[in-house]
Amino acid sequence: MKKDKSEKSERPPAAQSKQLKYASMALSAKYKQKNPGGFYAWPMGLWFTIFFIVPLAIIVAYSFMKRDVYGGVIHQFSLSAYKQMFTPAYGMIFLRTLWISLISTIVTIAISLPCGYAMARSKHQTLFLILIIVPFWTNSLIRIFAWMNILGDNGLINQAFAGIANLWNKIIGNSGYVYSPKKFMYTQGTVILVSIYMYLPYAILPIFTAVDRFDFSLLEAARDLGATKPQSMFKILIPGIKSGLVSAIIFTFIPIFGAYTVPLLVGGKDSYMLGNIIVDQVQKVRNWPLAAAFSMVLTVVSTAGVMWMLMSNKNEATLKKVSTKEDTSASNVSTDSSEGAK
Amino acid sequence: MKSNPFLVFKHNKRVSEPAKHAKRSWKKRNTPFSLSKTVLILTLLFLFVPLFVIIAYSFNSSKDTSFTGFSMIWYKKLFFDSTPLWTSLFNSLFIAITASLVATILGTLAAIGVSWYKFAGKTYIQTISFLPMVLPEVIMGVSMLIFFSGIKLPLGLFTIFAAHTTFCLPFVFLMVSARIDEFDYSIIEASHDLGANEVQTLFRVIIPAIMPGIMSGFMMSITMSLEDYVITSLVSGPGSTTLPLYVYSMIRFGVSPVINSLSCIMILATCLLAFFLRKGLKGFAAAK
Numbered sequence: 001m002k003k004d005k006s007e008k009s010e011r012p013p014a015a016q017s018k019q020l021k022y023a024s025m026a027l028s029a030k031y032k033q034k035n036p037g038g039f040y041a042w043p044m045g046l047w048f049t050i051f052f053i054v055p056l057a058i059i060v061a062y063s064f065m066k067r068d069v070y071g072g073v074i075h076q077f078s079l080s081a082y083k084q085m086f087t088p089a090y091g092m093i094f095l096r097t098l099w100i101s102l103i104s105t106i107v108t109i110a111i112s113l114p115c116g117y118a119m120a121r122s123k124h125q126t127l128f129l130i131l132i133i134v135p136f137w138t139n140s141l142i143r144i145f146a147w148m149n150i151l152g153d154n155g156l157i158n159q160a161f162a163g164i165a166n167l168w169n170k171i172i173g174n175s176g177y178v179y180s181p182k183k184f185m186y187t188q189g190t191v192i193l194v195s196i197y198m199y200l201p202y203a204i205l206p207i208f209t210a211v212d213r214f215d216f217s218l219l220e221a222a223r224d225l226g227a228t229k230p231q232s233m234f235k236i237l238i239p240g241i242k243s244g245l246v247s248a249i250i251f252t253f254i255p256i257f258g259a260y261t262v263p264l265l266v267g268g269k270d271s272y273m274l275g276n277i278i279v280d281q282v283q284k285v286r287n288w289p290l291a292a293a294f295s296m297v298l299t300v301v302s303t304a305g306v307m308w309m310l311m312s313n314k315n316e317a318t319l320k321k322v323s324t325k326e327d328t329s330a331s332n333v334s335t336d337s338s339e340g341a342k
Numbered sequence: 001m002k003s004n005p006f007l008v009f010k011h012n013k014r015v016s017e018p019a020k021h022a023k024r025s026w027k028k029r030n031t032p033f034s035l036s037k038t039v040l041i042l043t044l045l046f047l048f049v050p051l052f053v054i055i056a057y058s059f060n061s062s063k064d065t066s067f068t069g070f071s072m073i074w075y076k077k078l079f080f081d082s083t084p085l086w087t088s089l090f091n092s093l094f095i096a097i098t099a100s101l102v103a104t105i106l107g108t109l110a111a112i113g114v115s116w117y118k119f120a121g122k123t124y125i126q127t128i129s130f131l132p133m134v135l136p137e138v139i140m141g142v143s144m145l146i147f148f149s150g151i152k153l154p155l156g157l158f159t160i161f162a163a164h165t166t167f168c169l170p171f172v173f174l175m176v177s178a179r180i181d182e183f184d185y186s187i188i189e190a191s192h193d194l195g196a197n198e199v200q201t202l203f204r205v206i207i208p209a210i211m212p213g214i215m216s217g218f219m220m221s222i223t224m225s226l227e228d229y230v231i232t233s234l235v236s237g238p239g240s241t242t243l244p245l246y247v248y249s250m251i252r253f254g255v256s257p258v259i260n261s262l263s264c265i266m267i268l269a270t271c272l273l274a275f276f277l278r279k280g281l282k283g284f285a286a287a288k
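Top line first, the protein sequences correspond to chains Y and Z. In terms of our numbering, the first sequence is numbered consecutively and its last residue is 342. In terms of our numbering, the second sequence is numbered consecutively and its last residue is 288.
One or more hints might be untrue.
As the list claims (entries may be wrong) - From the structure, some residues in chain Z lie toward chain Y, with a derived Cβ separation under 10 Å:
(1) 40
(2) 41
(3) 47
(4) 118
(5) 121
(6) 125
(7) 145
(8) 230
(9) 266
To be verified - Taking CB as the label site, the calculated pair distances span:
(10) Y:75 x Z:194: 54 to 62 Å
(11) Y:91 x Z:35: 36 to 44 Å
(12) Z:276 x Y:153: 35 to 43 Å
Unchecked claim - Rough simulated footprint, nothing fancy, chain Y against chain Z, three-plus residues with beta-carbon under 8 Å:
(13) 56-68
(14) 105-112
(15) 162-174
Quick caveat, the hints were computed from the structure, so don't treat them as lab data. Backbone N, C-alpha and C define an ideal beta-carbon position, used for all residues, glycine too.
Starting from the given sequences, assemble the full structure and let the hints guide the process.
This is how it looks when you write it as structure tokens:
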């Protein structure tokens, strides 16, 4: 199986290998002529063009137009939406969105790294995968609702504290202390907590996959050469799982950056985010150019993130290729990872 | 052995050289206490506590969040007194199945074409099949809403279907591509050499070979379609309420504990699904 894979990765692309395999040029020409690749792939290409590229292009165009009073736009070039966007109030929301998504991403990754590592090292991988995926597949609204039950004014935590306060009063006689419920809901902290909760599986899964494919004999070698365990972790393991780490960061940061439901349901005034502006501008205020301009911001940030992800994958793939050429004995591992990176 | 923060309880007695080596080796798994395992257990608790809370509340007889006693009334209400909920569930299932079918067919064909052939526009298709997966949902929803209202298409089941197909497609494409990567183009050459035409090759060789990839793409599409709220809420119209939209309105306006019993059933369904698909989960994690 492994051998087969490594052979395959060294094979030239399909078209060339055909020519190699078929000595007869005529036969090869026949296949080229009847190449059905376009027939296979273009139905999806057309679907995406109509339902994804065209709508995105409209958004880009609308962001440079003037708003019409009842929704829609006046077809006339204008930068008014962008001018409107660069006001301190909107700047604050942008910075807040950035702050919430950065802090949530950092915490999520800090939790996911040891989790992914422990899962990959465990004998019970499938069990842990099921346990990670069940909350991940559970409807997101229901998970948010669960947190509302836990953190609400009359929620589980407040009830528990009230119970403890009552008990305390009973033990030491009536001290006159009455527990007043703490406000957890509709704050920025709750938005961050619930965001971390929602996107933990998104970060754990790619890190798990990367660690699972990592060659642990490298760690043993590092230890044998005198590295301490933390040293070997940070200098060998983390660089080794870089592409998984980057996709974990992307799959956490981008959705939180564009979050809509979490701040809507558990957030208050101090956690109104870019996603909420966009939807409100489209549905309530009906200022489409402004919504389009904000969408452009989100799109640019996400695209930058994706570029970073692709670049790190590519770097890793080329690195692996070089190492395969130099050291064929390590080909098993590197082929596996480069296939993953592809 | 040097001081090791990952091992909190150390054995202090003297050990032989080979035993030391075995202990250092990462293959050794029965370390008494490891930080990463502890974090994993705590994280799993963190992930599951809200689900357990929902399940516990679903058996609570009170209407608010204080526990007053065990009761099944919310289940009774869910099954016998929630017609709009069931209508929305049927809408959801209808859209999930149709959108996933279309996405699976288009995505599978495209994966075959892109993995094995060179043709005009290949890079374009590869790029755009990747983008919807990484753009925030809000962008996709808003751009589709503006697009549909631009071409005067009334919002309703069809627009939801179109949107769902669009966001399911990349995942089908990715999962089928991953499966195709395990095969060599030579299986097609062999089929052609043995006299099969393109259609025969497709149905008798390619599709049976990549069936696991197709199935996992399809299942993934179903779950994603059933779960989506953001995009659906933007492109839905009157009379096309799906289950997540209904759940949202239950959460937002007038919380009824019926939602707890519904959630409990959905959580159990998810557990069962994950259990039955346990063999494919690793591939799923990799595709993510």
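### Evaluation of the interface hint that places residue 118 of chain Z against chain Y, nearest CB under 10 Å
holds (6 Å)
### Message
Let's test the interface hint: is any C-beta of chain Y closer than 10 Å to that of residue 230 of chain Z?
### Response
holds (5 Å)
### Message
Tell me if the interface restraint on residue 47 of chain Z is satisfied: Cβ within less than 10 Å of some Cβ in chain Y.
### Response
holds (4 Å)
#### Entry: Coverage claim, chain Y over the stretch 56-68 of chain Z, checked by counting residues with Cβ within 8 Å (three needed)
Per the Cβ count (4), the hint holds.
#### Entry: Given coverage of the stretch 162-174 of chain Z by chain Y, tested with a Cβ cutoff of 8 Å and a minimum of 3 residues
Check passed, 6 qualifying residues.
### Query
Should the interface hint for residue 41 of chain Z be scored as holding, given a Cβ-Cβ cut-off of 10 Å against chain Y?
holds (8 Å)
### Query
How about residue 121 of chain Z: closest beta carbon in chain Y under 10 Å, or not?
Constraint on residue 121 of chain Z satisfied, holds at 6 Å.
### Message
The hint names residue 145 of chain Z as touching chain Y; please verify it with the least Cβ-Cβ distance against 10 Å.
### Response
holds (6 Å)
### Query
Would the stated hint for residue 125 of chain Z survive a check requiring a Cβ distance to chain Y of less than 10 Å?
holds (4 Å)
### Distance restraint hint 35 to 43 Å, applied to the beta-carbon atoms of residue 276 of chain Z and residue 153 of chain Y
Since the Cβ atoms of residue 276 of chain Z and residue 153 of chain Y sit about 40 Å apart, the hinted range of 35 to 43 Å holds.
### Task
Under 10 Å, Cβ to Cβ, is where residue 40 of chain Z needs to be relative to chain Y, so tell me if that hint holds or is violated.
Check passed: Cβ of residue 40 of chain Z comes within 4 Å of chain Y, closer than 10 Å.
### Task
Using the Cβ atoms, figure out if residue 91 of chain Y sits within 36 to 44 Å of residue 35 of chain Z.
holds (41 Å)
In the structure shown, no violation is registered for any of the earlier numbered hints.
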